[in-house]
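So you can see what is in the structure, the chains are spelled out below.
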Amino acid sequence: MQPHEPGSRGWLLAVPIEGGMKTFLLTLLACACSGALAQQTLSVGSKRFTESYILGEIAVQTARAAGAQAEHRQGLGNTGILFAALKSGSIDLYPDYTGTIARELLKSEASDLESLNRGLQPLGLGVAVPLGFEDTYALAMLDSEAQRLGVRTISDLATHAQLRFGLSHEFLNRNDGWPGLVRAYGLPQAPRGLDHGLAYEALVGGQIDVMDIYSTDAKIAKYKLRVLADDRHFFPDYGAILVYRLDVPQRFPGAWAALQRLQGKIGADAMVTMNAQAELEGQGFADIAAGYLARSGSGRVGAGRRSGFLSLLFGNDFWRLTRQHLLLVFASLAAAVVVGIPLGIWAARSARAAQPILSIVAVIQTIPSLALLAFLIPLLGTIGTWPALVALFLYSLLPIVRNTYSGLSDIAPPLRESAQALGLPSGARLRLVELPLAARSILAGISTSAVINVGTATIAAFIGAGGYGERITTGLALNDNAMLLAGAVPAAVLALLVHALFALLDRRLIPAGLR
Amino acid sequence: MTRFRTAEAPARESRVTNHGRSALIALENVSKVFGPKTVLAPTSLTPAEGRTTVLLGPSGCGKSTLLRIIVGLISPDTGRVLFDGEPLGPANVDEIRHRIGYVIQEGGLFPHLDGVRNVTLLAEYLGRDRAWIERRLSELSGLVRMPRQLLQRYPRELSGGERQRVALMRGLMLDPQAVLLDEPLAALDAITRRELQTELKEVFTRLAKTVVLVTHDLHEAAWFGHEIVLMRSGRIVQRGSLEDLLLRPAEPFVTEFVHAQRADPRLAAA
Numbered sequence: 001m002q003p004h005e006p007g008s009r010g011w012l013l014a015v016p017i018e019g020g021m022k023t024f025l026l027t028l029l030a031c032a033c034s035g036a037l038a039q040q041t042l043s044v045g046s047k048r049f050t051e052s053y054i055l056g057e058i059a060v061q062t063a064r065a066a067g068a069q070a071e072h073r074q075g076l077g078n079t080g081i082l083f084a085a086l087k088s089g090s091i092d093l094y095p096d097y098t099g100t101i102a103r104e105l106l107k108s109e110a111s112d113l114e115s116l117n118r119g120l121q122p123l124g125l126g127v128a129v130p131l132g133f134e135d136t137y138a139l140a141m142l143d144s145e146a147q148r149l150g151v152r153t154i155s156d157l158a159t160h161a162q163l164r165f166g167l168s169h170e171f172l173n174r175n176d177g178w179p180g181l182v183r184a185y186g187l188p189q190a191p192r193g194l195d196h197g198l199a200y201e202a203l204v205g206g207q208i209d210v211m212d213i214y215s216t217d218a219k220i221a222k223y224k225l226r227v228l229a230d231d232r233h234f235f236p237d238y239g240a241i242l243v244y245r246l247d248v249p250q251r252f253p254g255a256w257a258a259l260q261r262l263q264g265k266i267g268a269d270a271m272v273t274m275n276a277q278a279e280l281e282g283q284g285f286a287d288i289a290a291g292y293l294a295r296s297g298s299g300r301v302g303a304g305r306r307s308g309f310l311s312l313l314f315g316n317d318f319w320r321l322t323r324q325h326l327l328l329v330f331a332s333l334a335a336a337v338v339v340g341i342p343l344g345i346w347a348a349r350s351a352r353a354a355q356p357i358l359s360i361v362a363v364i365q366t367i368p369s370l371a372l373l374a375f376l377i378p379l380l381g382t383i384g385t386w387p388a389l390v391a392l393f394l395y396s397l398l399p400i401v402r403n404t405y406s407g408l409s410d411i412a413p414p415l416r417e418s419a420q421a422l423g424l425p426s427g428a429r430l431r432l433v434e435l436p437l438a439a440r441s442i443l444a445g446i447s448t449s450a451v452i453n454v455g456t457a458t459i460a461a462f463i464g465a466g467g468y469g470e471r472i473t474t475g476l477a478l479n480d481n482a483m484l485l486a487g488a489v490p491a492a493v494l495a496l497l498v499h500a501l502f503a504l505l506d507r508r509l510i511p512a513g514l515r
Numbered sequence: 001m002t003r004f005r006t007a008e009a010p011a012r013e014s015r016v017t018n019h020g021r022s023a024l025i026a027l028e029n030v031s032k033v034f035g036p037k038t039v040l041a042p043t044s045l046t047p048a049e050g051r052t053t054v055l056l057g058p059s060g061c062g063k064s065t066l067l068r069i070i071v072g073l074i075s076p077d078t079g080r081v082l083f084d085g086e087p088l089g090p091a092n093v094d095e096i097r098h099r100i101g102y103v104i105q106e107g108g109l110f111p112h113l114d115g116v117r118n119v120t121l122l123a124e125y126l127g128r129d130r131a132w133i134e135r136r137l138s139e140l141s142g143l144v145r146m147p148r149q150l151l152q153r154y155p156r157e158l159s160g161g162e163r164q165r166v167a168l169m170r171g172l173m174l175d176p177q178a179v180l181l182d183e184p185l186a187a188l189d190a191i192t193r194r195e196l197q198t199e200l201k202e203v204f205t206r207l208a209k210t211v212v213l214v215t216h217d218l219h220e221a222a223w224f225g226h227e228i229v230l231m232r233s234g235r236i237v238q239r240g241s242l243e244d245l246l247l248r249p250a251e252p253f254v255t256e257f258v259h260a261q262r263a264d265p266r267l268a269a270a
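Chains as they are written, first to last, in my numbering: chain A, 1 to 515; chain B, 1 to 270.
Please note that the accuracy of each hint is not assured.
[Said to hold, decoys possible] Beyond 12 angstroms from chain B on every Cβ pair, some chain A residues (computed):
hint, residue
1, 119
2, 185
3, 309
4, 320
5, 379
6, 436
7, 437
8, 440
9, 503
10, 514
[Claimed, not checked] Among chain B residues calculated to face chain A with C-beta under 7 angstroms, some are:
hint, residue
11, 71
12, 73
13, 94
14, 97
15, 98
16, 108
17, 110
18, 112
19, 125
20, 127
21, 154
22, 158
23, 253
24, 254
Rather than coming from a laboratory, the hints here were simulated on the basis of the structure. C-beta atoms are modelled at their ideal positions from N, C-alpha and C, and glycine is treated no differently.
For reference, chain B alone in the conformation it holds in the complex:
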């Protein structure tokens, strides 16, 4: 792993930060074609470290594909992914996944394991010692406000919100460098979603990890995102803050997308 590189790409697209160290996550010209459909045109992206980047857009815009490419669930047809300077490949993908927390819609919890076992499965497989696992469980259950006794339950015995808390614990178990979340709150009712949005943001702020979150919801994007990356039809349309999207739309689609979701008072306040 080369930690120090010189950068020749423009600063904004660079996979090297200001400090001269490799960016944690760098996507370089990755693209993906499924059959006749180009789900992702060649795209480069370097999410800011220690901050939250939101991939936003209507369904089918390629935002989930981009996220899944980062964690190696989809291999890109062109380009490459660098994690902490290392190109992602079959040889190192599992090791790199241990350094990434990944949370999907409805959690993706294993139904045959209770909450504790879901959270600790990987740590146990990797042979972490019992005391360390125990300590980590306590820390995380405090962090995500998930009572220990609820962790004895199986996923189907938990509410949707509780399942997402367990899934987040699982994602954070090994104290990963990055956390990727794919529509983590989409399946929840409005009240639970609002509650979890608040708590999640607290967690992200507290941990100061590099977070990439996928959502189709403008309000959620505005709430979480230090930077919003708006996508459409497999390409990035505009990057920036909510203000940028509102006041300086890169193309008519941006305004169209924003207006379609503007009925929210919270957004008006923003």
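The following block holds chain A by itself, in its conformation from the complex:
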């Protein structure tokens, strides 16, 4: 279930790429390097939502405090991507929830640690260090209202038939949501569906009395909500734990011992406070984690304020993100030029090859980018830059192949024949006449690929490849528009610069006779 993550809303699907396509991609990627480098650094992953970022940061800082080198590969896509990263050794551990592991990965209902470890062991993985809180579905009311009516548990609701329920659509339809809850508690109310983001305001405004929330929701404190106790234990366990590679304790004994000591140390209240520090007060994840560790969970609310757009824009990470983004865009583009132009030439020269080539590069374009990334991770056995480069490379092919093909095909027959009648052999005709005549079209194709790449590369942050997308994903996770814009604006500016660069190249490279 892991409720906060966008990934669970179904837009990153299990990847349905099979058979022929897989073979094709495998062939294409056969030369691409794979395999993670030997790890000397404990690599901690996290998912793309606030709580996971914070827990990941706590794990990293704990390991560092124990003398180990540790890095945080934060905000990686959803459970599937993290699991693939963990299996391939790209990361060593990450925080997750018992129920998520059981249902999404092991397809089982048993979510106790023993069952989970039995299921994970064949994969070389395990779960450990229950952190001490659960992040599960819960029902909540305004504390004042609950106090007035004397409601403390979900059972208590049965006797208050007049209460109005506003529940998220997902909760209304899930088996472990409302339908099951009604049966377990015999609730008489008829709920209505309501967007989760609006439900808080509706509750405060008195339009509804009860809503569904996540038990470590940052807004619990802000809106003074009372989380009703699940006294019949209807909701499944979503205890926070660490998922790790079984070789971690042996490779990082000091850090592992320190991480063990986190067991049971983070209570639900502390987690709610930390979530609020991030989402409502704009504190950085690292600061929140440091504050928590320093005070051992005292959860002091700091005086941090959300940073402004400009200071975020030119933050410390600006040049690193720019470098990463440029690498993603131009390395993949270079490979696509090297492969795409010959493919385009082949298509233009051979009527039989044309349709298959053009169809295949077009079909690649229809694969959703997240699905392609998720598919490439197990194939390449790593997360980060490599699968991102390969995905961008594949997306870059279509405009380049197409424009090379059409540029060559559109050369006027008299010109083609003049070159032939001169007695230039095929290769010389291509080099001296046909490619120069198609140059403008080919360059336009490369330019299109480059500009699209700048945009698509932002998605690479989902798999830890960095770039401006890192700010966008963080901004999305925190619902922080300034952060989101600090990633989106430089990406847009870069797209404009790339466009201008190619306009300049056009003037430089294209012979005056063609302009």
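Dock chain B against chain A, hints included.
Showing chain B alone in chain A's frame:
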């Protein structure tokens, strides 16, 4: 390459000249069918050496097809082409093309290269030395009256007439044995055409090359042609001088074609 052959075909159709040497260009029973349309019925032709042969006829009569078969742009369904005694085939076609100058309507100049590069492209590709290329450029620009500074321009910066002069230079660059021209003047205005007709004829006379020129224009054919080959619907109707066509038409079509174009005073004078 067999230079000496004995001839058994009739003298007029022979691919062997009076001197016993192979004819420069000989077409033997070449034909071409495109889909349902026979664009060229089996045809034999040996253009006279050192002279100008004009292929004349209405559009679609097969005259361009015949020319393109000579230079290997179209391969015939039947028959064969001999160039200097050698049968034209994939193995020798490029080498033979180096010995043929080919000029088409509007020149077929490469728009990405300036005039000089258009003219010298092949010579440079073949590795001719710089001094030779330079000398040849000077000779040719004098011959076709194309000032050197105009050769620095790109084709689109030249007039139609200038483009044809550059195209002719390109065709003559390697001093070919034969020059083939496909409607070279058709796209020009009347005045430029007249001017170029005069100059071209001078060039042909001076160089004494074997020239095959395709046109649909009777006056142009009469002006250039030592021999006119009139074609219709993929076959040769009549061969001879303008006088032959006028006074001894082989069939009614000849008279019909001639009369359709007779309003020209120059022709009356001829």
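Right, here's what the structure says about each hint:
no.: 1; hint: 119; result: holds, 65 angstroms
no.: 2; hint: 185; result: holds, 79 angstroms
no.: 3; hint: 309; result: holds, 47 angstroms
no.: 4; hint: 320; result: holds, 42 angstroms
no.: 5; hint: 379; result: holds, 42 angstroms
no.: 6; hint: 436; result: violated, 5 angstroms
no.: 7; hint: 437; result: violated, 6 angstroms
no.: 8; hint: 440; result: violated, 9 angstroms
no.: 9; hint: 503; result: holds, 19 angstroms
no.: 10; hint: 514; result: violated, 5 angstroms
no.: 11; hint: 71; result: holds, 5 angstroms
no.: 12; hint: 73; result: holds, 5 angstroms
no.: 13; hint: 94; result: holds, 4 angstroms
no.: 14; hint: 97; result: holds, 3 angstroms
no.: 15; hint: 98; result: holds, 4 angstroms
no.: 16; hint: 108; result: holds, 3 angstroms
no.: 17; hint: 110; result: holds, 6 angstroms
no.: 18; hint: 112; result: holds, 4 angstroms
no.: 19; hint: 125; result: holds, 6 angstroms
no.: 20; hint: 127; result: violated, 12 angstroms
no.: 21; hint: 154; result: holds, 3 angstroms
no.: 22; hint: 158; result: violated, 11 angstroms
no.: 23; hint: 253; result: violated, 30 angstroms
no.: 24; hint: 254; result: violated, 31 angstroms
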